[in-house]
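Top to bottom, those sequences are chains A and B. Going left to right, the first sequence walks through residues 1 to 542 as the numbering used here numbers them. Going left to right, the second sequence walks through residues 1 to 542 as the numbering used here numbers them.
These aren't lab readings, by the way, just hints derived from the structure by calculation. It is possible that some hints are incorrect.
Since the list gives no way to pick one copy over another, a pair counts as held whenever it fits inside one copy or between any two copies.
Below, computed lysine to aspartate or glutamate pairings styled on EDC-like, alpha-carbon distance capped at 20 Å [what the hints assert, rightly or not]:
{"no.": "1", "residue 1": "K524", "residue 2": "D246"}
{"no.": "2", "residue 1": "K521", "residue 2": "D531"}
{"no.": "3", "residue 1": "K492", "residue 2": "E251"}
{"no.": "4", "residue 1": "K314", "residue 2": "E175"}
{"no.": "5", "residue 1": "K492", "residue 2": "E509"}
{"no.": "6", "residue 1": "K342", "residue 2": "E363"}
{"no.": "7", "residue 1": "K314", "residue 2": "E374"}
{"no.": "8", "residue 1": "K51", "residue 2": "E100"}
{"no.": "9", "residue 1": "K291", "residue 2": "E175"}
{"no.": "10", "residue 1": "K492", "residue 2": "E124"}
{"no.": "11", "residue 1": "K527", "residue 2": "E100"}
{"no.": "12", "residue 1": "K440", "residue 2": "E124"}
{"no.": "13", "residue 1": "K169", "residue 2": "D390"}
{"no.": "14", "residue 1": "K128", "residue 2": "E175"}
{"no.": "15", "residue 1": "K169", "residue 2": "D446"}
{"no.": "16", "residue 1": "K521", "residue 2": "E251"}
{"no.": "17", "residue 1": "K476", "residue 2": "E488"}
Remember, it's a predicted structure, so these values are computed and weren't measured experimentally.
2 protein chains.
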Amino acid sequence: MSGARNISAALRRARVPRPRIVLRSALPQSPLATARGFSISSTVRADKQIKYTSDAYPNVKRDPNFGELTAEDVAHFKELLGSQSAVVDGVTTDATDDLEPFNSDWMRKYRGHTRLVLKPGSTEEVSKVLKYCNDRKLAVVPQGGNTGLVGGSVPVFDEIVINTSRMNKIRSFDEASGVLVADAGVILEVADQYLAERDHLFPLDLGAKGSCHIGGNVSTNAGGLRLLRYGSLHGTVLGLEAVLPDGTIVESLNTLRKNNTGYDLKQLFIGSEGTIGLVTAVSIICPPRPKAVNVAYFGLESFEQVQQAFRLAKGQLSEILSAFELMDGRSQNLVRESTGNKYPLEGEYPFYCLIETSGSNAEHDMAKLESFLENVMGEGIVADGVLAQDETQFQALWRWREGITEALSHLGGTYKYDVSIPLSDLYQLVEDCRARLTEKGLVGDDDSFPVRAVVGYGHMGDSNLHLNVAVRQYNKEVEKAIEPWVYEWIQKRQGSISAEHGLGIAKREFIGYSQNDTMVKLMKQLKALYDPNGIMNPYKYI
Amino acid sequence: MSGARNISAALRRARVPRPRIVLRSALPQSPLATARGFSISSTVRADKQIKYTSDAYPNVKRDPNFGELTAEDVAHFKELLGSQSAVVDGVTTDATDDLEPFNSDWMRKYRGHTRLVLKPGSTEEVSKVLKYCNDRKLAVVPQGGNTGLVGGSVPVFDEIVINTSRMNKIRSFDEASGVLVADAGVILEVADQYLAERDHLFPLDLGAKGSCHIGGNVSTNAGGLRLLRYGSLHGTVLGLEAVLPDGTIVESLNTLRKNNTGYDLKQLFIGSEGTIGLVTAVSIICPPRPKAVNVAYFGLESFEQVQQAFRLAKGQLSEILSAFELMDGRSQNLVRESTGNKYPLEGEYPFYCLIETSGSNAEHDMAKLESFLENVMGEGIVADGVLAQDETQFQALWRWREGITEALSHLGGTYKYDVSIPLSDLYQLVEDCRARLTEKGLVGDDDSFPVRAVVGYGHMGDSNLHLNVAVRQYNKEVEKAIEPWVYEWIQKRQGSISAEHGLGIAKREFIGYSQNDTMVKLMKQLKALYDPNGIMNPYKYI
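Full structure from sequences and hints, please.
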């Protein structure tokens with residue numbers, strides 16, 4: 001551990017010669033709880049109306065084959081679901097205000113015209129609801145925590161919202177195998193806290209954890225902050241329970257890690273955004289909770305150095321590396337302006353990284369981290385850095401990453417692009433986009449310019465960039481300057497136009513930039529197979 | 001590191017007070033290369049005919065809708081594939097001997113009647129072959145290294161074998177992301193050696209690695225020795241290229257870790273055993289090769305203690321644990337008899353475990369391992385143990401696990417059951433099976449008894465047991481005593497009747513023990529969608 005004395009001013013500034021190790025026991029169950037970027041209640045402000053999606057997308061027309069809701073339908077659902085709180089009825093009563101949180105998204109970008117929200121309390125109820133809707137050709141939108149970023153979980157027209165919030169029981173947890181079985185409507189953070197009490201960890205973490213539902217996470221194949229370490233939901237989800245549009249209950253809540261008995265049908269529900277069925281429960285394998293967690297935050301002078309730091313982190317932190325996040329200088333500037341907090345580092349840099357390690361031995365982890373720090377600082381790859389000394393600092397550092405979404409939400413609107421690009425080109429997209437919008441005279445500091453900032457951040461470890469264009473208000477000129485240019489840019493590099501956010505309505509028409517015609521044809525074939533009436537989350541996805 | 005002095009006789013016997021760390025650089029690229037259990041050439045012995053599957057399964061009848069091969073078909077294929085070596089023609093010539101290795105499996109349990117083997121050299125050739133077969137309703141069997149254990153890769157009647165051995169190029173490897181793209185016919189060990197030279201590791205390892213093809217691994221969703229650490233292929237395979245029966249090429253060789261643009265169709269090909277398409281290439285994310293690998297081998301007095309050791313290993317070795325394998329005393333006895341090798345431990349025990357760690361820091365790994373050893377030995381959980389001191393010992397210890405398959409193959413035949421069961425019940429199946437067969441007077445040491453041994457071993461870390469019943473010859477009375485009893489036993493515990501070997505022809509009729517009627521119905525629906533003529537690997541799977 002002798003290295004600690006020599007690892008530059010950044011560590012000396014931390015005021016103890018050897019950084020104190022942040023032990024798990026000193027951490028709250030969710031280090032990100034206070035860093036969450038948003039929740040519905042805090043962002044849906046009453047002062048400004050959200051534009052209807054049907055107006056924003058005038059080419060999208062209500063499918064005339066869908067049935068129209070009647071008072072009889074509502075009466076049927078009320079009888080079926082029993083509980084008063086299970087139905088928000090805007091058909092036979094005026095319930096506009098009550099319906100609003102289900103009709104619109106937290107970004108204030110998408111807004112539907114639903115007049116009915118159903119909150120079934122069991123899989124059987126979901127089955128009965130869907131069967132009825134399918135028979136009556138009533139379109140539906142499955143909705144979890146409604147924290148999505150592509151308008152996938154709110155209606156466009158009068159689709160019935162089927163919200164999973166009343167299905168919120170943890171069904172079982174097996175400490176020997178680490179397998180959790182839980183209802184779709186369990187909030188991610190609740191699941192993780194339940195697991196924390198049992199020394200395990202939910203293998204997914206993301207900014208919206210305080211609101212999002214695990215059913216929604218699975219339905220959108222959420223990626224998040226620690227995919228780098230724990231892998232994708234396609235690997236960790238062991239089983240599912242879902243309901244098909246015709247009411248068929250797909251019971252496949254396998255709790256064993258290996259089961260090679262036929263097509264792995266559950267995979268089709270992971271990431272299909274509620275277009276072929278509604279996920280009602282999930283079985284997932286959860287790793288033991290790490291005994292030691294450390295966070296470091298760096299300033300770097302160039303993206304080339306960010307890449308060097310990542311290569312070194314992969315090699316030296318290896319099995320304990322649990323996050324490698326990239327934030328550009330502008331994104332951090334926005335967080336500073338929004339929170340009024342002092343920068344973690346003294347100088348300002350064009351790039352910042354947040355590195356997290358999670359391991360089973362605090363001393364070993366710190367030794368690896370120190371050796372890594374010696375390398376990146378000794379070789380001048382990192383200009384300055386700081387290591388969390390305690391829980392408060394741990395949370396504060398994460399907030400510089402997690403707070404970007406909220407900081408942006410204070411600026412007006414945000415055009416969000418969530419893309420995968422080969423690592424070497426990752427940040428070039430931000431530079432090129434900024435140059436393009438600047439050249440078109442769209443970017444500026446005063447209110448006459450529609451674009452306030454073009455920022456880039458994301459999950460470097462997964463080659464996943466979030467390009468965000470912060471605008472004073474949503475603006476067609478800006479949108480036209482970005483799209484389809486941004487998708488063409490990505491296509492040229494064989495990237496993905498939606499790395500983790502999904503398609504929803506926002507990316508639907510652009511799927512061709514990341515999938516060829518054959519793939520799209522095969523997808524439409526599957527959609528037709530499972531949802532012949534097309535009632536599941538229409539106007540979206542493929 | 002002071003613990004090393006106190007950790008019992010097992011470590012002292014290793015003759016150095018502190019075990020020498022086995023560094024990756026001291027290991028050959030494949031530590032299992034010499035331990036491999038089988039290859040086709042070594043086990044298909046000429047001295048005894050293998051029974052035809054069509055005779056062993058008299059209820060399975062050739063589908064009369066399938067076309068019959070003609071000389072014109074053969075001429076067409078010869079012209080299409082060009083190369084002389086690409087066609088093994090038993091239609092217009094007598095090629096019985098040349099066809100035999102493609103007609104029968106290495107276990108000498110399944111044997112088909114094919115008269116034609118095609119070895120396309122490219123995806124386009126596969127497409128043309130399949131389209132022709134589909135138009136002519138000629139049934140086909142996709143075949144990789146033909147190392148399967150359920151008769152999935154050999155024909156039953158006269159299906160054309162489409163062998164992937166000529167499609168064996170590594171297409172690309174990206175050191176920054178660790179993503180390998182390779183043809184389906186690349187041998188697993190070749191892929192891993194290629195990666196070893198680039199400091200990476202194929203995230204799958206299994207006994208047949210010297211013969212099996214990665215296309216076959218993906219098509220059967222192979223599990224293997226290190227799933228515990230690197231996860232399932234559903235998580236690590238990023239993209240696929242496959243050909244549907246109508247010749248459609250599914251090009252989805254995504255090389256990015258995140259891509260949420262539509263249904264994840266590639267998942268359907270993982271584990272579908274060539275029944276909806278033929279996988280021609282794979283894109284897979286490969287972890288950095290561990291810098292330190294250690295292996296320990298223990299003797300234990302009870303299965304309860306094996307479970308205790310596993311719990312401790314999970315907690316203490318945590319992120320560096322890369323294998324936790326279980327072998328019962330009888331399995332190790334068979335290896336000893338078969339190889340003539342001396343046991344690694346002095347006494348004999350009812351249970352043995354092999355534990356492997358893989359990490360990035362040899363010193364840290366050894367400290368964790370020593371602390372774990374202190375615990376399991378100090379608390380009397382483990383009766384005796386040994387730690388590999390060098391590469392030779394490392395390989396020798398693995399051979400006690402890997403050699404079981406080969407040892408069994410010397411005894412005659414083996415009824416193999418590859419099952420997932422909740423951990424607490426894992427070994428009970430072996431006890432119950434042995435008791436049952438003994439009670440029926442089927443087990444004994446002399447040649448009048450059909451059963452020679454009932455052994456259990458497997459991937460404890462994945463709750464995956466291999467129950468093997470070694471017989472002097474395959475015997476219907478024994479089979480009837482085991483089946484369906486064994487499947488009922490598993491069903492009662494919500495286990496899987498095929499954890500990693502798949503269904504093939506061996507497990508096809510038993511799928512109902514692990515999948516409900518709805519699931520089977522949905523699977524048949526998918527099969528009909530992709531393969532309406534049913535030409536892909538018929539008589540098998542679902």
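Results for each hint:
no.	hint	in the structure
1	K524 with D246	both (18 Å within a copy, 17 Å between copies)
2	K521 with D531	both (15 Å within a copy, 16 Å between copies)
3	K492 with E251	between (41 Å within a copy, 17 Å between copies)
4	K314 with E175	between (30 Å within a copy, 11 Å between copies)
5	K492 with E509	within (18 Å within a copy, 48 Å between copies)
6	K342 with E363	neither (30 Å within a copy, 40 Å between copies)
7	K314 with E374	within (15 Å within a copy, 31 Å between copies)
8	K51 with E100	within (12 Å within a copy, 70 Å between copies)
9	K291 with E175	within (16 Å within a copy, 31 Å between copies)
10	K492 with E124	neither (47 Å within a copy, 24 Å between copies)
11	K527 with E100	neither (29 Å within a copy, 43 Å between copies)
12	K440 with E124	neither (55 Å within a copy, 46 Å between copies)
13	K169 with D390	neither (34 Å within a copy, 51 Å between copies)
14	K128 with E175	neither (34 Å within a copy, 51 Å between copies)
15	K169 with D446	neither (50 Å within a copy, 57 Å between copies)
16	K521 with E251	between (28 Å within a copy, 12 Å between copies)
17	K476 with E488	within (18 Å within a copy, 63 Å between copies)
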